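Sequences listed follow chains F and S, in order.
Residues in the first sequence are numbered from 1 upward in steps of one, following the working numbering.
Residues in the second sequence are numbered from 1001 upward in steps of one, following the working numbering.
Simulated from the structure, these hints should not be mistaken for lab results.
One or more hints might be untrue.
[What the hints assert, rightly or not] Simulated pairs of lysine-lysine, DSBU-like, Cα-Cα distance not exceeding 35 Å: (1) S:1514 with S:1055; (2) F:251 with S:1049; (3) F:55 with S:1514; (4) F:135 with S:1429; (5) S:1335 with S:1346; (6) S:1522 with F:514; (7) F:22 with F:514; (8) S:1522 with F:135; (9) F:77 with F:107; (10) S:1407 with F:12; (11) F:251 with F:285; (12) S:1055 with S:1107; (13) F:320 with F:310; (14) F:49 with S:1012; (15) S:1429 with S:1277; (16) S:1429 with S:1285; (17) F:426 with S:1055; (18) S:1514 with F:407; (19) S:1135 with F:285; (20) F:55 with S:1277.
Computed from a predicted structure; not experimentally measured.
Spelled out from the first residue to the last, the chains are:
2 protein chains.
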Amino acid sequence: MQLTGKNLIGNKLSGINPQSFKGHGGHSGIAFHEATVGEVDQAVAIAHKAFGSYKNTSGVERAIFLERIAQLIDESKGELVAIAMTESRLPEGRLMGETGRTTGQLKLFASLLREGSWVNAMIDPAIPDRQPLPKPDVRQMQRPLGPVAVFGASNFPFAFSTAGGDTASALAAGCPVVCKAHPGHPATSELVASLIVQAANDTGMPEGVFCHLQGEGYEASVHLVSHPAIKAVGFTGSLGGGRALFNAAAKRNEPIPVYAEMGSVNPVFVLPEILEKEATALGQKLAGSNLMGAGQFCTNPGVIVAVKSKAQEQFTEAFKTALEAASADNMLTDKVFSGYCSNLGKMASLRGVTQLVGNLTAKEGVAAIPHMFQVEASAFINNPDLQEEVFGPSSLHVVADNAAQMKQVSDILHGQLTASVWGTEKDMKGHSELIGTLESKAGRVIFNAPPTGVEVTYAMVHGGPYPATTDSRSTSVGTNAIYRFTRAVCYQGYHQALLPEALQDANPLSITRKVNGQFTDKAL
Amino acid sequence: MQLTGKNLIGNKLSGINPQSFKGHGGHSGIAFHEATVGEVDQAVAIAHKAFGSYKNTSGVERAIFLERIAQLIDESKGELVAIAMTESRLPEGRLMGETGRTTGQLKLFASLLREGSWVNAMIDPAIPDRQPLPKPDVRQMQRPLGPVAVFGASNFPFAFSTAGGDTASALAAGCPVVCKAHPGHPATSELVASLIVQAANDTGMPEGVFCHLQGEGYEASVHLVSHPAIKAVGFTGSLGGGRALFNAAAKRNEPIPVYAEMGSVNPVFVLPEILEKEATALGQKLAGSNLMGAGQFCTNPGVIVAVKSKAQEQFTEAFKTALEAASADNMLTDKVFSGYCSNLGKMASLRGVTQLVGNLTAKEGVAAIPHMFQVEASAFINNPDLQEEVFGPSSLHVVADNAAQMKQVSDILHGQLTASVWGTEKDMKGHSELIGTLESKAGRVIFNAPPTGVEVTYAMVHGGPYPATTDSRSTSVGTNAIYRFTRAVCYQGYHQALLPEALQDANPLSITRKVNGQFTDKAL
Chain F
1 MQLTGKNLIG NKLSGINPQS FKGHGGHSGI AFHEATVGEV DQAVAIAHKA
51 FGSYKNTSGV ERAIFLERIA QLIDESKGEL VAIAMTESRL PEGRLMGETG
101 RTTGQLKLFA SLLREGSWVN AMIDPAIPDR QPLPKPDVRQ MQRPLGPVAV
151 FGASNFPFAF STAGGDTASA LAAGCPVVCK AHPGHPATSE LVASLIVQAA
201 NDTGMPEGVF CHLQGEGYEA SVHLVSHPAI KAVGFTGSLG GGRALFNAAA
251 KRNEPIPVYA EMGSVNPVFV LPEILEKEAT ALGQKLAGSN LMGAGQFCTN
301 PGVIVAVKSK AQEQFTEAFK TALEAASADN MLTDKVFSGY CSNLGKMASL
351 RGVTQLVGNL TAKEGVAAIP HMFQVEASAF INNPDLQEEV FGPSSLHVVA
401 DNAAQMKQVS DILHGQLTAS VWGTEKDMKG HSELIGTLES KAGRVIFNAP
451 PTGVEVTYAM VHGGPYPATT DSRSTSVGTN AIYRFTRAVC YQGYHQALLP
501 EALQDANPLS ITRKVNGQFT DKAL
Chain S
1001 MQLTGKNLIG NKLSGINPQS FKGHGGHSGI AFHEATVGEV DQAVAIAHKA
1051 FGSYKNTSGV ERAIFLERIA QLIDESKGEL VAIAMTESRL PEGRLMGETG
1101 RTTGQLKLFA SLLREGSWVN AMIDPAIPDR QPLPKPDVRQ MQRPLGPVAV
1151 FGASNFPFAF STAGGDTASA LAAGCPVVCK AHPGHPATSE LVASLIVQAA
1201 NDTGMPEGVF CHLQGEGYEA SVHLVSHPAI KAVGFTGSLG GGRALFNAAA
1251 KRNEPIPVYA EMGSVNPVFV LPEILEKEAT ALGQKLAGSN LMGAGQFCTN
1301 PGVIVAVKSK AQEQFTEAFK TALEAASADN MLTDKVFSGY CSNLGKMASL
1351 RGVTQLVGNL TAKEGVAAIP HMFQVEASAF INNPDLQEEV FGPSSLHVVA
1401 DNAAQMKQVS DILHGQLTAS VWGTEKDMKG HSELIGTLES KAGRVIFNAP
1451 PTGVEVTYAM VHGGPYPATT DSRSTSVGTN AIYRFTRAVC YQGYHQALLP
1501 EALQDANPLS ITRKVNGQFT DKAL
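For reference, chain F alone in the conformation it holds in the complex (with noise of 0.2 Å):
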């Protein structure tokens, strides 16, 4: 494959702008010309009138799209995976990882589509003698927003990238995608961009149904979501560059979903019994989670909650022995390496804070030397800026009198991705308010497992209260993420003929619909 350093604008290449900027690893004599503003408009024109067309294939039509994706993505592997590792520095082994998850979400949307019951097709049929007025045919199923901007995620340069979550469940969905590069990789992004296009070429899919825009600066990221085409957003990243596109699209006439995915320390709260049972095991196996990946998985575990007691002791000593005995891990990129050092040295300094594990003053290249702090639980409950993220191997253990400081900790948690449990059935049933608050924290509630590892499945949320998301009504994870895009319409008094398949008496598409509420699969 070929790279360029240019935008995609539906087929065409594009870079007018003298104005560019380079990555670092295997690409380097290529420069990436920042997306101008005229460019954005282009790639949201094409996308728009990709829509008109785009809106009405068939589940099976898109289904064979992405599955096309994955084959190009599969097929190419070897070489995305090796400017990837230039790019993110993040291994092998864990980048062909990636690799297969991002194909297999465009596959697992592609088995959404064809099976079909996603659009959530319910039909009340007419009662033409109802008195004292006949009841209307009324039926509803979800259909496409239009365009979506996507802006690619630094940590996950395939799977929250430009062929990732957002970009997959859009296109399922019916909608074009305008994704905008991350910066952190620009190489890899072109080289996945490109094979989006071609499969939509192999697939009869309109020309700008995917485009593709590079560029370090904030102008075009925010004239993409204020443009009035743009009907909804995914972002992955940091809270303070999800804010800022929040707060863009928030001055827009027109308010739209903007899906921002930012910050979260995923509290993991360590429960006695089985902290007297484990706690050294356990210590380990949680620092395990916190090194993972440099730290960098937005599950990491970044606040550790647990009640004073000698296994408490027993547990942060192994946890800490763990984080010591690991090798310095490269960060993605320079500005997230500056963000560590930047953040541990604010941790440091604030009250009551004592560091176990870490050197601040150490900075070689780009290598994340892991960091535990320690700080008693009436601290952190008076303190919200203790909540706030360390992106990359670092932890805060918070020290608790006993269960009903416990408790307290849970109550003044902000929103959060993740809340985790780890306890004995007898912690638990002892623990249910604690737990009961957790759920009402957090998108996904973990009993006993590390946060890190996110399964794409059905019943996954990987989403939660503010500040984890700016919506926590959704996930951007698991087959779910389709209804970031779509909204229901609803059709009165169709002729069976203009009805869209899925609402038709017959359901030629063997669909399970909802018929006076009831689920069937049968036809009317």
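Given chain F's structure and the hints, the job is docking chain S onto it.
Here is chain S on its own, set in the frame of chain F:
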């Protein structure tokens, strides 16, 4: 029932503000105390506290609560309608029907709760021996967001007010409600509110599950939607009022869903063949829809589009005749009436507009004289001001040169609650692109029926793209309205006994669930 003019904060009456306002009608002796920001805080605090236990009530418990509200409204409907007549100037028959609709909504949500499958339970069982990593047990269901702010609407003193759709769906979802009454019918609202609180006490619901605030000013409303413990907002009213609340909520640190249903002109396209066949009857029928309730329905047909022809002229003539024969009907409030008059003036002043019916200068009391305007499609296409809603018995008739220009009219339409098409089967087949465009503009597309009259049913969508609403993914009518106030929570690796009943293996609620993506009623 005894009117007090006070706010209801849990079980306590509160009227500490010396500032008060008087409604009009049969209770003119009563001063209604404006809720202070302190009273708003108290109401939200008790609602937040109530959420702690209310979120854990069973569906059946909440069904009993909703049914009790319906029963109490039904028992008092004579008294309620009598006072609502004096406050809203709406006729007895209409208000009696509206109480039936209100109790019907409450009972529909109760039946949804009793059936139980609405929680969208999904289960992906563990695969402990999966390679390379075990698959965890992942389950999800819908859970309530927290306390909700509901704003009563002027035009439906019952069905979209204190015990209206938003209150019913929020209470059904498990969310306490802080309701701000519409100042157009404070007495009706207070009486209904007292019945809701009585029903909560009768059925063992926590104090604060429903609070009720009065006020004419904006300050308390803005304070309410800005309160950190409020997790969603429901509003039905004007574009100005809805947008002001939306903007206030947009300034929050934590973004929350704001469901503001605002203006809609509910465009109606009348196609050529049906015009040829039924011009006069159609003109009469649509005029009837336009006149209904003094034109004060959200779905009132405000823009009517047809291609120039003899039949179209006949249609226009029949519409005109029906309007001229109609008597002036009282509007809801002085403010609504003065808004109608000033919007008529604006409409008449716009370039290309011809007034066919009405006398702009006639202003007696609050009786709205029907109006009818006409404009050429070319002018309509070029002036977005012509799309502004005139709330009341007024319509703008857009005359297109040909089918292509009629399609252009559909292309430039703003978002709508409804869009309607009248046509024969041949008409419909010949205008499939027009119909496809309308689908992207409206929450509901209607064939051959007036837009007024919104069926409360499973498949109804009462919503649509901006400016019809601020969140097109939602409906305010029908059972799906419950999802305004919920989000999915994911439970990973839970012990059976700690899982919500809806997610337990044994399926003790006998609901329909998705297991590995497949619908089933069975236990695991």
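Outcome of the hint check:
no.	hint	in the structure
1	S:1514 with S:1055	holds, 23 Å
2	F:251 with S:1049	holds, 34 Å
3	F:55 with S:1514	holds, 27 Å
4	F:135 with S:1429	holds, 25 Å
5	S:1335 with S:1346	holds, 16 Å
6	S:1522 with F:514	holds, 18 Å
7	F:22 with F:514	violated, 53 Å
8	S:1522 with F:135	holds, 33 Å
9	F:77 with F:107	holds, 16 Å
10	S:1407 with F:12	holds, 30 Å
11	F:251 with F:285	violated, 45 Å
12	S:1055 with S:1107	holds, 20 Å
13	F:320 with F:310	holds, 15 Å
14	F:49 with S:1012	violated, 58 Å
15	S:1429 with S:1277	holds, 17 Å
16	S:1429 with S:1285	holds, 23 Å
17	F:426 with S:1055	holds, 24 Å
18	S:1514 with F:407	holds, 33 Å
19	S:1135 with F:285	holds, 18 Å
20	F:55 with S:1277	holds, 34 Å
Checked against the numbered hints above, the structure violates hints 7, 11 and 14; every other hint is satisfied.
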